[in-house]
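Position chain C relative to chain G; hints supplied.
Number of protein chains: 2
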Amino acid sequence: MRAVVMRNQGLVVDTVPEPEPDQGQVLVKTLACGICGSDLHALKHSGAQGTARNPLDEVFGMDSSRDLIMGHEFCAEIVDHGPGCQKTLPVGTRICSMPIAVGPGGVSSVGYSNDIPGGFGELMVLTEAMLLPVPNGLASEGAALTEPLAVGLHAVEKANLAAEDVPMVIGCGPVGLAVIAALKLKGAAPIIAADYSPARRRLAQTLGAEIVVDPAESSPYETWTQAATPEGGSAAPGPFPGLEPALRPAVLFECVGVPGVIQQMLAGAARGARVVVVGVCMERDAIEPLFAITKELNLQFVIAYSPDEFATTLGHIAEGRVATEALITGKVGVGGVAGAFEELANPEKHAKILVEPWRD
Amino acid sequence: MRAVVMRNQGLVVDTVPEPEPDQGQVLVKTLACGICGSDLHALKHSGAQGTARNPLDEVFGMDSSRDLIMGHEFCAEIVDHGPGCQKTLPVGTRICSMPIAVGPGGVSSVGYSNDIPGGFGELMVLTEAMLLPVPNGLASEGAALTEPLAVGLHAVEKANLAAEDVPMVIGCGPVGLAVIAALKLKGAAPIIAADYSPARRRLAQTLGAEIVVDPAESSPYETWTQAATPEGGSAAPGPFPGLEPALRPAVLFECVGVPGVIQQMLAGAARGARVVVVGVCMERDAIEPLFAITKELNLQFVIAYSPDEFATTLGHIAEGRVATEALITGKVGVGGVAGAFEELANPEKHAKILVEPWRD
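Residue numbers (this note's numbering), protein chains in the order written: chain G, 1238 to 1597; chain C, 1238 to 1597.
Rather than coming from a laboratory, the hints here were simulated on the basis of the structure.
The reader is advised that the hints may include incorrect statements.
It does not matter which identical chain is used: a pair holds within one copy or between any two.
As the list claims (entries may be wrong) - Straight-line C-alpha distance at most 20 Å; calculated EDC-like pairs for lysine to aspartate or glutamate:
id, residue 1, residue 2
1, Lys1586, Asp1451
2, Lys1395, Glu1533
3, Lys1324, Asp1259
4, Lys1532, Glu1520
5, Lys1568, Asp1451
6, Lys1586, Glu1378
7, Lys1421, Glu1401
8, Lys1532, Glu1295
9, Lys1423, Glu1447
10, Lys1532, Asp1545
11, Lys1421, Asp1522
12, Lys1281, Asp1294
13, Lys1423, Asp1317
Here the structure is a predicted model, which is why all the values come from computation and not from measurement.
Bound-form chain G, shown alone (with noise of 0.2 Å):
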């Protein structure tokens, strides 16, 4: 089959073997595959012999510097069923799937694992158990955004939000949006969002954030301070008299992942902030903790979603809760997922970035 590599620090398009359904696995076409930042990262880092180590080969065991299929966000249609499956959906269904594979030789990562193809490929195998069938006749590409959506839905589930809580994402990537859906789709408001490009803005009104900011225009904690004042122009007393005035609880998403964007919170977050960690920054970071201790500040770090999250995402997507058309600027097939992987660095042209394996 044909899909694309990543090998000696790039991708190249090349024939590989077909994949074999296990035990229990489905074997499956892949109908559309996002790019994700995850994957950016991956490549940017891959084929180091020694020097510097891939962060993602620890989290995912994976060996960056040997051949790998990336390709973690998919749709895809059922074309075999292994040994051992029920088959309770037939050949032809389309699907989601977590990308996890389980197997009797265990679990592997679909997407970052040298053993099975992720979705930059034609053909995948995917655990039987955890296929969801795609409702509604929802279009392959909306379904392929279950998986980057699912992210943000886990990330405002840890938040744990109240109806008073003033909600901020620092940061308007495909995560930040991810997240901006699921605070829409939680009834937050007023939902707060800053982003320096203004495509991004753009697209995170779209998805349902009330207040843009950009940061280099001016501060988006002032910008909080006023959106968490409550009504009637000046603010309660606090606890102490002479200290500052009660505002409503502030829930700050991180969703851009690079260093210094921790501590660029923790010195802006109000007196008491939860600081939800989205974004995955891969290097050592700084942080001075006095800021932290002294207003009292919760960092909750987060990453993927649950089984029933991801279910749920699929489920909204289907009945047109989120706004994924906005979110999915272009489609490429294998030939183009180099080109595609450098004009993702361009804000304002791309958000997400399908690849539809079996065309070209």
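For chain C alone, coordinates are given in the frame of chain G:
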């Protein structure tokens, strides 16, 4: 009056003007006042003329390059009432108070203010409305431990412990010991505590730790894992086959407050652990967010206590529920304070030294 003055990066005994109680304030005689780790910090970083900032200056609004009388862990006796007082507590009453003086000019910290003296002087001014009479004939030495023990109570309250949680305290200085005492009062079990010092580990046991670990001998995190493995030898399987077994939830208390410890805890903590940062690290620190992200750790930074927590702590001490006598390892008059600051560097010799400014 006589007082220990922080001046020119040292501690000197001097005669200073007596403070005068303002509207709603009382004049008190200091009976006993503990030396806190923050006091050592403040002295170490004091007097810096523009080169190295003292972080405490920012926190407390003090100017450590000017004269300052420290001391915020005190028991005192009412000497006189200022104008506008209710006089509910008569002259001669022994009292404790949160180290905050509220006057017409605003709120001042007692112990880190250039304008009013702290407990390392013979007399202080306090806010009448904040005074708590020492109950049950409790000795002044024990009552003086209310402030540091309230820090531990607050940290444990912020941890929202559940019955299945297994707490571990990293660092058994006065802050860690206060956390252990509060965990014991909450009924948490087993309580695990780690410190390099044999004397500190013995104190941890006296205060209520069931399991103590010398990190030079074995990993506190391995000890924690053993303690958190459910009864019956082999642990129950986790949510995914092949992944780690289900352990009781981890609540780890950072009570060291020096750079590097938070990252050690992020690396060592079990999946889903809550880390309560009680130690006050005043320097820049380095973390690797990926450790926290992949394990979905939660960091709760805490400081100080509420008025209720302060009063509750005094009640616990008065009822004999905390082994306060073990914590007090020395007493000095004003002439002995400078030496006591140096002696406190030795964890084998001291936990808490009390200053009795009326002595010598």
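Do the hints match the structure? See the list:
1. In this assembly of identical chains, the alpha carbons of Lys1586 and Asp1451 lie at most 20 Å apart only when taken from the same copy (17 Å versus 56 Å across copies).
2. In this homomeric assembly, Lys1395 and Glu1533 come within 20 Å of each other (Cα to Cα) both inside a single copy, at 18 Å, and across copies, at 10 Å.
3. In this assembly of identical chains, the alpha carbons of Lys1324 and Asp1259 lie at most 20 Å apart only when taken from the same copy (14 Å versus 83 Å across copies).
4. Proximity of Lys1532 and Glu1520 under a CA criterion of 20 Å is satisfied inter-copy only: 16 Å between copies versus 26 Å inside one chain copy.
5. With identical chains, the CA atoms of Lys1568 and Asp1451 are never at most 20 Å apart, being 28 Å at best within one copy and 57 Å at best between copies.
6. In this assembly of identical chains, Lys1586 and Glu1378 lie within 20 Å of each other by CA distance solely inside one copy; the values are 18 Å within and 68 Å between copies.
7. In this assembly of identical chains, the alpha carbons of Lys1421 and Glu1401 lie at most 20 Å apart only when taken from the same copy (14 Å versus 34 Å across copies).
8. In this assembly of identical chains, Lys1532 and Glu1295 lie within 20 Å of each other by CA distance solely across copies; the values are 13 Å between and 34 Å within a copy.
9. With identical chains, the CA atoms of Lys1423 and Glu1447 are at most 20 Å apart within one copy only, with a shortest distance of 14 Å there and 44 Å across copies.
10. Only between protomers do Lys1532 and Asp1545 lie at most 20 Å apart by alpha-carbon distance; the minimum there is 19 Å, versus 34 Å within a single protomer.
11. Proximity of Lys1421 to Asp1522 under the C-alpha cut-off of 20 Å is found in neither arrangement, the shortest distances being 31 Å within a copy and 35 Å between copies.
12. Proximity of Lys1281 to Asp1294 under the C-alpha cut-off of 20 Å is restricted to the intra-copy arrangement: shortest distance 13 Å within a copy versus 43 Å between copies.
13. Within a single copy, Lys1423 and Asp1317 get their C-alpha atoms no closer than 38 Å, and across copies no closer than 57 Å, so neither meets the 20 Å cut-off.
Hint compliance for this structure: hints 5, 11 and 13 are broken, all remaining hints hold.
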